[in-house]
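A.B. asks: Each chain is listed here by its residues.
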Amino acid sequence: MGNMVKEKNSLLDVKNLRTSFNNGKAKMEVVRGIDFNVQKGEILGIVGESGSGKSVMVKSILGIIPNNAKVDAGEIILDGKHIENLSKKEKRAIRGRDIAMIFQDPMTALNPLKKAGDHLIELLTRVRGMSKKEAKLEAIELLKMVGIPSPETRVDQYPHEFSGGMRQRVLIAMALACSPKLLIADEPTTALDVTIQAQILELLKKLQKENDMSVVFITHDLGVVATICSRILVMYAGMVMEEGLVNEIFYSPKHPYTKALLNSIPRVDGEKMRLKPIKGSAPSLQNIKNGCPFAERCEFAMDKCFKEVPEYKRFSATQKCMCFLTGEGDNLDD
Amino acid sequence: MRLFLLKYILKRILQAIPLLFIISIICFTLIQLAPYDAVDAMTTPNMTKKTIDLIKARYGLDQPAYMQYFYWIKGILSGEWGYSIVTHESITNDLSVRIPNTILLVLPAYILALLLSILLGLIAGANKGKVADKIIDGLSSFGIAIPSFWMAMILVFIFGYLLDIFPILGMHTVGNEESFSDLLSHMVLPCMVLTLSFMPELVRYVRSSTIGQLSEDYVMVQQAYGAASSWILFKHVLRNVLLPIITIVGMSLPMLVTGAVVTETVFGWPGIGTYFVKAIQGFDYPVVMAIMLLSSSLVIIGNLVSDLLYCIVDPRIKGMGE
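Taken in order, these protein sequences are the chains called A and B.
The working numbering puts the first residue of the first sequence at 1, with every later residue one more than the last.
The working numbering puts the first residue of the second sequence at 1001, with every later residue one more than the last.
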């Protein structure tokens, strides 16, 4: 598995990405120097608590951050081309075409006064230059592809006539409309109930294989990650704490934060034990302290942890972790 | 679905009827409570009691209040709104002359104000916090604070006196009643005042509505799919902003009658405004009552119209019956 990470297979490379919010008085760093890459045809999971900067990070890549946010630094290389310094117009051309995104809340993601089909038709005429007629036929095809029954009538219905799961399918159809190389899914199942969640995950997995896309899957649900991802990035307070293949993260986690996250998932198999929630809450990014961002909540924190940010240590070609406690090749439990 | 829509419209109209009756009862009661006898306007101090009783009987004023209400409402329904106790003119005739004059002033001013407000509100909302927004929003606050009679005076001073390009009084130049261009030039100043006084609130409404819509998720989704911001503004946001404006427009229906009271008075425009002010000054109860009834009925009708329009325009309400 280790040879999976090869530069030439890389679709998206992000280096030292930094994004901050500025509310006029204070500057708040939300994304603090993130490096990662997405391989062609893989599903990369990004896991972290609410407020860990996951969404802002992917929106920074797409260039759709709010007006009071700013990308301060970083390189973004998509398919061998730098895209971080493109003009607004050039960047707009990438969105929808090369990178598509689906969002957390399907209930509000569609314009309530436009037919579901019109969302697709607009996109198809704009990006693929289709005529309205062609676009409508294609829209019906897309709706069929994402598993919406009787797409011929559905295409002319308004968003309020769809259930949450069906709306998310419409959004997925929008994402697929221009066969993007990369699909970013920002907690696409969080707002859906569990049975629908499973359906949507299955659908995403199937479509990823069929279309040979890469997917970045953002979630705070480790169970979801285990079902669909091949690699995981664990984020905390705007930094990547640990990165590794699914097996590595689940069976030999290195970072205390990753371990704590895994300990806080209820298990149905094996011995019964009390759930161990992580004490405290995610830090406010308004006054960032020196040192490891997790130090305050970490059981193993040492004096050093509060003073400087640890360097990444590699454990395999695919796994790396940012913690003083773990030496290269070490395991904390031993 | 059509059937549902028809049913809904019918239901709303039926609901409006009792409301209109309640309004008429309130209007009538208020007048009855006033310390003034309607017959006084038709009598002179040297009339005998017998003559007064005859007059009373003739106008039905000897009847008990509920009978009087009944006669009054019967008159209203058959288009006979009674007589002014000051001028003894038929109110129906007066209104039918004056209402068109007021509408001539208010309607173009309101439409212009609405169009300009949508444009300026969208610009301000889309550029929240930037220079354009600060100018537009600042001027709106300023505009809300300015009373319309003061603005009228300033405009009269500038355009009527300093520049001397527009007439400042009445509807026509004497002896030139048929000339359309003369009417237009008389309309300019009062219309300008009305437009400027309607605008600030509308601009603020459109602005805040635009800001609200722009923070909706669907806008971000459109951005994520590469839609240009002007496309998002005009093809997505505009419609969502315009929808609630239907309510505002519907609620403004009574303005067709009472929207220009101050402005008409300043410019001596022979509309409802001057008529109303004169009636109040002369304790002319039947006229006050008629205008009160008219404008409060228009509130109900305006509400009804905007609800029905919503029902036609908003797919979410349209689909409710399914």
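The set of hints was computed from the structure by calculation and includes no laboratory data.
Heads up, some of the hints might be wrong.
Stated by the list, open to error - Mimicking SDA-like on lysine to any residue, the simulated pairs with C-alpha atoms at most 20 angstroms apart in a straight line are:
(1) Lys88(A) x Leu1112(B)
(2) Lys70(A) x Ser1229(B)
(3) Lys132(A) x Arg1316(B)
(4) Lys114(A) x Lys88(A)
(5) Lys115(A) x Val1086(B)
(6) Lys89(A) x Arg1316(B)
(7) Lys209(A) x Glu84(A)
(8) Lys115(A) x Asn1240(B)
(9) Lys289(A) x Ser316(A)
(10) Lys181(A) x Lys115(A)
A.B. asks: For every hint, state whether the structure bears it out.
C.D. replies: Hints, one by one, checked against the model:
| no. | hint | in the structure |
| --- | --- | --- |
| 1 | Lys88(A) x Leu1112(B) | violated, 35 angstroms |
| 2 | Lys70(A) x Ser1229(B) | holds, 18 angstroms |
| 3 | Lys132(A) x Arg1316(B) | violated, 25 angstroms |
| 4 | Lys114(A) x Lys88(A) | violated, 26 angstroms |
| 5 | Lys115(A) x Val1086(B) | violated, 60 angstroms |
| 6 | Lys89(A) x Arg1316(B) | violated, 34 angstroms |
| 7 | Lys209(A) x Glu84(A) | violated, 28 angstroms |
| 8 | Lys115(A) x Asn1240(B) | holds, 13 angstroms |
| 9 | Lys289(A) x Ser316(A) | violated, 30 angstroms |
| 10 | Lys181(A) x Lys115(A) | violated, 27 angstroms |
Against the hints set out earlier in the document, violations occur for numbers 1, 3, 4, 5, 6, 7, 9, 10.
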